[in-house]
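Number of protein chains: 4
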Amino acid sequence: MSLLIQGGELITASSRSRADIYCEGETITRIAAHITPPPDCEVLPARGCLVFPGFVDPHVHVYLPTPSTTAKDTHESAGKAALLGGTTCYIEFVIPARTEEPRDALETWRAAAAGRSPADYSFHMAITRYDASVAEQLEHIVSSEGITSFKVHLAYKDYLEVSDSELYHILGLARRLGAITIAHCENAAAVELLRRQLVSAGRRAPRWHYYSRPPEVEEEGTRHFLFFAALQQAPAYIAHLSSRAALAAAMQAVGKGQRVWIETLIQFLLLDKSYAELPDFEGAKYVMSPPLREKEDRSALWSALAAGNISTVGTDHAPFDFHGQKDLGRDDFTRIPNGLPGIEERVKLLYTHGVLGGRIDLHRFVDAASTRPARIFGLFPRKGTIQVGADADLVVWNPDWQGTISAATHHMNVDYSPYEGWKITGRAEYVTVRGRLMVEKGRFVGPVDHGRFIGRNPSG
Amino acid sequence: MSLLIQGGELITASSRSRADIYCEGETITRIAAHITPPPDCEVLPARGCLVFPGFVDPHVHVYLPTPSTTAKDTHESAGKAALLGGTTCYIEFVIPARTEEPRDALETWRAAAAGRSPADYSFHMAITRYDASVAEQLEHIVSSEGITSFKVHLAYKDYLEVSDSELYHILGLARRLGAITIAHCENAAAVELLRRQLVSAGRRAPRWHYYSRPPEVEEEGTRHFLFFAALQQAPAYIAHLSSRAALAAAMQAVGKGQRVWIETLIQFLLLDKSYAELPDFEGAKYVMSPPLREKEDRSALWSALAAGNISTVGTDHAPFDFHGQKDLGRDDFTRIPNGLPGIEERVKLLYTHGVLGGRIDLHRFVDAASTRPARIFGLFPRKGTIQVGADADLVVWNPDWQGTISAATHHMNVDYSPYEGWKITGRAEYVTVRGRLMVEKGRFVGPVDHGRFIGRNPSG
Amino acid sequence: MSLLIQGGELITASSRSRADIYCEGETITRIAAHITPPPDCEVLPARGCLVFPGFVDPHVHVYLPTPSTTAKDTHESAGKAALLGGTTCYIEFVIPARTEEPRDALETWRAAAAGRSPADYSFHMAITRYDASVAEQLEHIVSSEGITSFKVHLAYKDYLEVSDSELYHILGLARRLGAITIAHCENAAAVELLRRQLVSAGRRAPRWHYYSRPPEVEEEGTRHFLFFAALQQAPAYIAHLSSRAALAAAMQAVGKGQRVWIETLIQFLLLDKSYAELPDFEGAKYVMSPPLREKEDRSALWSALAAGNISTVGTDHAPFDFHGQKDLGRDDFTRIPNGLPGIEERVKLLYTHGVLGGRIDLHRFVDAASTRPARIFGLFPRKGTIQVGADADLVVWNPDWQGTISAATHHMNVDYSPYEGWKITGRAEYVTVRGRLMVEKGRFVGPVDHGRFIGRNPSG
Amino acid sequence: MSLLIQGGELITASSRSRADIYCEGETITRIAAHITPPPDCEVLPARGCLVFPGFVDPHVHVYLPTPSTTAKDTHESAGKAALLGGTTCYIEFVIPARTEEPRDALETWRAAAAGRSPADYSFHMAITRYDASVAEQLEHIVSSEGITSFKVHLAYKDYLEVSDSELYHILGLARRLGAITIAHCENAAAVELLRRQLVSAGRRAPRWHYYSRPPEVEEEGTRHFLFFAALQQAPAYIAHLSSRAALAAAMQAVGKGQRVWIETLIQFLLLDKSYAELPDFEGAKYVMSPPLREKEDRSALWSALAAGNISTVGTDHAPFDFHGQKDLGRDDFTRIPNGLPGIEERVKLLYTHGVLGGRIDLHRFVDAASTRPARIFGLFPRKGTIQVGADADLVVWNPDWQGTISAATHHMNVDYSPYEGWKITGRAEYVTVRGRLMVEKGRFVGPVDHGRFIGRNPSG
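Quick note, the sequences are listed as chains F, B, X and D, same order.
Numbering follows this note's numbering, in which position 254 of the first sequence is assigned residue number 254; successive positions increment by one, without gaps.
Numbering follows this note's numbering, in which position 112 of the second sequence is assigned residue number 112; successive positions increment by one, without gaps.
Numbering follows this note's numbering, in which position 59 of the third sequence is assigned residue number 59; successive positions increment by one, without gaps.
Numbering follows this note's numbering, in which position 288 of the fourth sequence is assigned residue number 288; successive positions increment by one, without gaps.
Please keep in mind that the hints were generated in silico from the structure rather than gathered at the bench.
Heads up, some of the hints might be wrong.
In this list, chains with the same sequence are indistinguishable; a pair is considered to hold if it fits within one copy or across any two.
Taking lysine-lysine and the DSS-like style, the derived pairs with C-alpha atoms no more than 30 angstroms apart in a straight line are [said to hold, decoys possible]:
1. K273 with K157
2. K295 with K273
3. K441 with K157
4. K273 with K441
5. K157 with K423
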């Protein structure tokens, strides 16, 4: 079975050309100005459209049990939403409990995904305990399972938090294995103490969540992580950077000669803390960690993204219903499940507000949302670009389509949208995953079990 | 006439694939796994080779009169050397005297280049005076001449230096025209005063040059430039950044939300001030501004380059003979013509020490030395990448070739090499410029007048 | 004639004791727990009072011609106001025009003061041009006239501004002579350009003044000054620091090993930019340079003052009437004469808001407003402390007195008070200058010509 | 019994005068130009001498058990040495084991000191565990025992280190009680891990100690402490700051508006890491934590001390014999007892190298070594200044005396001196403690049990 994408303008992180793309089986095999379709070849008309490599979301939660509830998406719903939004591959976090063996957690997450996702996926391995047995399992997981990135939490006291010694050893192990370490950079103790203080002072509405994790807390976490990464000369990836304070801390490390990769989230680029202050508990929809910041932070993040000081844009997709889940924290913000859904909207929002808004160009757009995540996490060049030999993960993008975001029409399994009513320009008209057409004229048409786990190369 | 590059591994800033490239006339028209050459098609065998887009040197001087002498290269010698080194396009600086009209200077530089370079080239427009007439000429130069970048010198007192007001107005004009402003960031008065002080204290050997432009002088220049760029919200490109102090200053601006592009030079990545301290006046070969720094600066620059905080690597190519030119300053370092040759060696050195040395990957290598200069300065996508529709500027790179750098064998018109005796791995086996074969098996075979001026788009 | 201050609590920058002070002639000759007054000794009852050394205002303008008008105070009115406020000595700025000889300007300022001030005074020498003749005059002025501090303006383009070379030479001369250099740190060109831009955009109300001199402009000036001071290893005194941005810049220099003295003003500790935004042109009363900043700046200044990172608190006293002077700029803020009156209120305000407000202790209060200015500028130990041998400049402070500030009752020759209606606790009950009673029960009783010029020692 | 100090030049932190001082009982009662001694009055001739307030050492260990050994001084030997060096009062650290009750530790330390010291002394209370019971004891200790300063260790993993939560609570308690929190700022885990790494790599000589605690480790500790102090808005005192990196971190906090007091040590001002690299295990004499730094750090510390950004100079006196104690670590630097003796030499060294070396003036000298420690820790004005009503702790300083430091002649109970053979100018000719003559013509003459515990006021 072959596929021809005809007449589009191909955009990658570093090219822009009018050309046809011919795919055989799962792979792109030819790129040329004009390709005549052979018989039996499926032809996707792309005239007037942009053709992007499938987008890659580097920061996603699907199976996400929390102490009080579990996020609502399955891989089927999340993967479908991802594809409709142009994301053909996402990386989910395996998060063992502190007492659990990493390999067991991996099995749990694998089982939740296997055969259930229409999109391709991979895993980051969170490390919540470090000892000799964990180290041994991690070596195997990196070398044999194709999971080449670790996640550490400096936040979440007595739950996910690692100690300084664990952090040091994890970074050292990562360096030796060629893995990269992702960090959630907020000081756990400070968050915990500020939360208690706010709650006991009766400051329990969603808006107080911000004050339990002010920018200083993220700045301290960022410095702390980078301090240990420097000691170990290990590659450092800062997850979901949200504030100027943390950005400045990271840039100070760069100025001293340290290599730092930074991820921000689409919501940090577009939303600010005024959303979390909406009345009638509406703010709860916007409660996440780190929290939404000030308008000035947004603008600094855009600049750093444009110039490449921030590398990637993810979602930290974490879908909790407003009714029945977010409202667990109606009387106490510390009980609001943290997170925003976004896997379906990331690409559209970044295109509309980033590219059309004049803040980043088309290549930086593709780079930040596809190529760079693929490169940093070892999916490249199979994913993340359009080239002969790559997976035929392609997005034919209608740049003129106009629509409106709404929970009423989205495909994520969550009862609200943080962007309800927002106008959008552009959508994924056709989406293929390894040569298979999954989205056609904006509707999902693929088999729900098409996705596969993608093993990754060490990239550190 | 058509050309097929067969069997190579194509490397761009964001792709890596085994594919053939077919070029018709001056343009790439097809990229596919296997292309059968039509009759009359010239075939370049690339099996076992890497294929890169032609490299772009963003910072070059060819016609360079100074108060005491004139640099030795012509466009013929420099362009030939560039091509043999894999650089197919370079951007030279037009530098009017303070009393000269920009359009007149442009004519002078144009005349020196027209029909004389085997490689493609473009111009940056240095601004050494700003008034209404200059502004008018610049508008024309940007909009009609395809010269979309300005250069300002904060250094070179009473010669090239612009005042604060001029700087402010230039940045404002650049923003309005979509041009980008490049700055030489050293405080002019400080340099002048330190020079005088050193000379009058009898500190006249080449090694004292460093102390007339310590890192603090570059840091101050960098901050000063970025301060005015921020006031004007204008895009800022820092030329030849050499030190941690300046890098930290630039990163501090990023942390506050400013967009900054940074260029470093191949010599800052590989050499340090100990070279300028070589005895017997040998140090004079390494006298340039800003000066070579400490080893720790080199390592910080590599890290920032790897993570993308530094965007580009240029040469500031400025070939002055050791005998007859550099030795004008035998008794006084302030009379040593400033600059190092490098247009022939940049790519080889960056490949050997960057890629093979494990400091940057192949994609960052292509990006920093080709794609990024092309994008920032509006040559892209015609230059800077391999894609259907782009100029067929291609480099077939033999990754196994081993050689030694020597003035005895180089093609630049200068009597020494800063890298004399250095071992190199990899060379440009074939080089094409707009479909024309210019280098074959490492030898220049093209017509010396093949190069053309390339007009550029506003990119700011 | 002798004088006994009986029963007070003596507070100096580094002592606190109940003791009597006995003065003979102009000098303190004895400090003891109990001193029995000899016959003919004037006794000032100080029981229940604090006794401070006479306060020293390091930053004052009395004779202040500007291009459009002249400040309203004479030395008689300013000196009287100073004394009523507890300030027994002030240092005024001699400001030659760029074309004027320093010695001539000094004569002008001297003549305006001589025999006309009830308080003691000294001069700082502003330098608005630097050449060999100026250097020669300055050597004489420092060594023979007892004027041991220079003032440079990085602001006030084409008027007071010095060039980078001048700045460098001035700092070098200061170091050689043991003088200290005071700087007004704002980038002149930026201010000028922003002013023009605001005015031509119709932004002419007093509130726009702030935007012509944002904190970045002060930060840049501060860095620029400290850069040159570091090159010359010269002592640096930053006048009227107003913002966190400038404070951070100065502290960054300290962190690198530079010696920096910082002055702030009473108005920067107490007022913020909302005052300059008052309607009906009221804001004009608060127009000064650098401008009043944000509330967060105020709080940072208090902290740095408390811990000693900021050394001194001055007034930059510059009294222009609201009616007839400030209103020259009714249609254009750039024509509003810059400056606030304050010589009468500084000490009271600092006591009320600093000491009683719990922000600084009594010793830091005395230090910042008396001892430290005296030490930095070479008046010490004659001025600035209570000790045997010092001038009997003493302030008997009634800590319980309560009053209200008002232009209706103040003694400065200006038709408004920036602090109109503010409540004050504490006042100078008795004030002596060199043993002579000048203020009694809060009323001026001294001869108006009692003050003398005080020559100073090099302190650099 | 009365005492007259006749004819000296009195120097305090803020005064300088020729005057006599008359003391009755334990107290200064009169200061005057000339005081006629009554009958029975002891007269100390001070003509040609400086008279200082007794010096205060804010950072001393006397009773110091470590896991492997115990420091050699008793209060008798340390107190005698202190007095001979001009230090009349020192503050020692009570350091409970993590499982010990603070009140029990206090009793232990109190018992070791009571009736055994010739000099006055007080205690800082180290906190090595925080819980409700500890909190209760601390409240009592502050309010009833006159111990108003806490010490926390961010270093010394699993031994003295406090957790982030403990740190937060301690700072909060300190703020509520008006106490001040002193911190040892080095990251405990990093030190521990670096030590293990060095040792297992066979890097066991004294010189490797430095690399187990590089400046980055101190910088991280400093930032970490100041982060929590800012959260709690608690006063912060950084003990023994040694490096530019840590200084810059602290100054960055000041620039953001935080109040920070900084202490450095006499050894950081005078020694550098080359001493710890001396051959034949001599380096062990210089092993302490944080370690001795680079020459450039020394010079930055002097500048910050001169301008008041660094407040105090202590010793961290910790006397371990070279033979029998330091050599426990002959094969492994981690076993070398940490610390240098210094209580006897601090004042002389600071006078010789600071005052006579032109780095600080006499007033800053007195301030940093006496007044400021007394003020920050609530001993003032009883200690730390010369004034009527203060304790008659006085040092008559012979500024012309010349001598040489040697273990052969010093009085500390330790078999080496870090300053062996150093030339010194100036010594304490006479020293009194509360009116009692303890040192006469440089010899100890007082009763060894004269010293008393001095309760302190809250100063936070």
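Hints and how they fare:
1. In the homo-oligomer, the alpha carbons of K273 and K157 lie at most 30 angstroms apart inside one protomer (24 angstroms), although the nearest pairing across protomers, at 39 angstroms, exceeds that limit.
2. For a Cα distance limit of 30 angstroms, the shortest separation of K295 from K273 qualifies both inside one copy, at 8 angstroms, and across copies, at 21 angstroms.
3. Taking the shortest Cα distances, K441 and K157 never come within 30 angstroms of each other, neither inside one copy (46 angstroms) nor across copies (61 angstroms).
4. For the homomeric pair K273 and K441, neither the shortest alpha-carbon distance inside one copy (36 angstroms) nor that between copies (56 angstroms) is at most 30 angstroms.
5. For the identical chains of this complex, K157 and K423 are neighbours neither inside a copy (39 angstroms) nor across copies (49 angstroms), given an alpha-carbon limit of 30 angstroms.
Hints 3, 4, 5 from the earlier list are contradicted by this structure; the remaining hints agree with it.
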